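Letter by letter, the sequence shown follows residues 1 to 244 in my numbering.
Honestly, the hints are just simulated from the structure, not real lab data. Here the structure is a predicted model, which is why all the values come from computation and not from measurement. Take the hints with a grain of salt, since some may be wrong.
BS3-like cross-link-like pairs, simulated, lysine-lysine; straight-line CA separation at most 27 Å [stated by the list, open to error]:
#1 Lys114 / Lys22
#2 Lys43 / Lys105
#3 Lys105 / Lys117
#4 Lys137 / Lys124
#5 Lys127 / Lys48
#6 Lys127 / Lys138
#7 Lys148 / Lys22
#8 Lys127 / Lys137
#9 Lys42 / Lys127
#10 Lys114 / Lys124
#11 Lys22 / Lys43
#12 Lys114 / Lys3
#13 Lys18 / Lys127
#14 Lys148 / Lys18
#15 Lys124 / Lys43
#16 Lys105 / Lys3
#17 Lys117 / Lys137
#18 Lys3 / Lys22
#19 Lys18 / Lys42
#20 Lys124 / Lys18
#21 Lys137 / Lys122
#22 Lys148 / Lys137
#23 Lys18 / Lys105
#24 Lys117 / Lys48
#25 Lys138 / Lys148
#26 Lys42 / Lys3
#27 Lys105 / Lys48
#28 Lys48 / Lys3
#29 Lys124 / Lys138
#30 Lys48 / Lys137
#31 Lys18 / Lys43
#32 Lys122 / Lys43
#33 Lys3 / Lys124
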Amino acid sequence: MYKVLLVEDNLFDREGIKNYIKWSDYNMEIPMTAINGEEGLKKALIFKPDILITDISMPVMDGLTMITEIMAQNLYPKFVIMSCHDEFDFVKSAFNLQVSDYLLKPVDMDELTKLLKTILEKLKREKNHEINEQLLKKQLENSLPALKNDLLREIMHQNADRDHYLKRMQYINMEFKSSIIVAILNFDNINFHSANTEQKYLFSYSLKNSFHKIFDSHFISYSYIMDYENVCCVLSDNWQSLDE
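Kindly generate the complete structure, drawing on both the sequences and the hints.
Listed below in structure tokens is the structure:
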């Protein structure tokens, strides 16, 4: 359920909003409450609410100062501000803080209910977007070995410019400081057509291990087996250090 924080110094307004709305109907918890901006700030930092409903004019710390302090901590709940008619300048300031939802006091509960429905839809869309992003990120992570192998194979067989490869490498987290050095280890007259899967795996492992012994593994950034008879390897830009 979504967490709500209600910051209001007036006891009547605070309890009225808290008790009137059927929060569970909107997949929201009964609001935590605070009596001023200072207390609201402390609770926001601890509980990280999804929605924060606040009055503007309060003792100790006003609502806009509280919002500024919360955002400075990289917390961005959905802010709803409540203000009187004569506080329009404060409302304009709130817009500058990217607060788009506000209510005039005394608060109309039907208007608040309608606003909560709108906020709920926003939260659902954002949650779905976040889930989709996480799925895409996971798919990319799972595809990285294959993408890296494809790029190494392309480096072997195609003649593209350096910038092209660097951009591709950055996308799949294969980054180098300056130069790219490609080395290939090849064994002639080896026939694997009759070998079983385990034999192929053991030989491919031996190929890689031999390659890493020939070149200090410290300098090898990526390598892959090609057709069980070749190893393609990309070495870092510390190639000159091999002579030391």
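To see whether the hints hold, each was checked on the structure:
| no. | hint | verdict |
| --- | --- | --- |
| 1 | Lys114 / Lys22 | holds, 12 Å |
| 2 | Lys43 / Lys105 | holds, 24 Å |
| 3 | Lys105 / Lys117 | holds, 19 Å |
| 4 | Lys137 / Lys124 | holds, 20 Å |
| 5 | Lys127 / Lys48 | holds, 16 Å |
| 6 | Lys127 / Lys138 | holds, 16 Å |
| 7 | Lys148 / Lys22 | violated, 53 Å |
| 8 | Lys127 / Lys137 | holds, 15 Å |
| 9 | Lys42 / Lys127 | holds, 25 Å |
| 10 | Lys114 / Lys124 | holds, 16 Å |
| 11 | Lys22 / Lys43 | holds, 22 Å |
| 12 | Lys114 / Lys3 | holds, 18 Å |
| 13 | Lys18 / Lys127 | holds, 25 Å |
| 14 | Lys148 / Lys18 | violated, 55 Å |
| 15 | Lys124 / Lys43 | holds, 24 Å |
| 16 | Lys105 / Lys3 | holds, 23 Å |
| 17 | Lys117 / Lys137 | violated, 30 Å |
| 18 | Lys3 / Lys22 | holds, 14 Å |
| 19 | Lys18 / Lys42 | holds, 19 Å |
| 20 | Lys124 / Lys18 | holds, 22 Å |
| 21 | Lys137 / Lys122 | holds, 22 Å |
| 22 | Lys148 / Lys137 | holds, 16 Å |
| 23 | Lys18 / Lys105 | holds, 15 Å |
| 24 | Lys117 / Lys48 | holds, 20 Å |
| 25 | Lys138 / Lys148 | holds, 16 Å |
| 26 | Lys42 / Lys3 | holds, 15 Å |
| 27 | Lys105 / Lys48 | holds, 26 Å |
| 28 | Lys48 / Lys3 | holds, 8 Å |
| 29 | Lys124 / Lys138 | holds, 21 Å |
| 30 | Lys48 / Lys137 | holds, 25 Å |
| 31 | Lys18 / Lys43 | holds, 16 Å |
| 32 | Lys122 / Lys43 | holds, 23 Å |
| 33 | Lys3 / Lys124 | holds, 14 Å |
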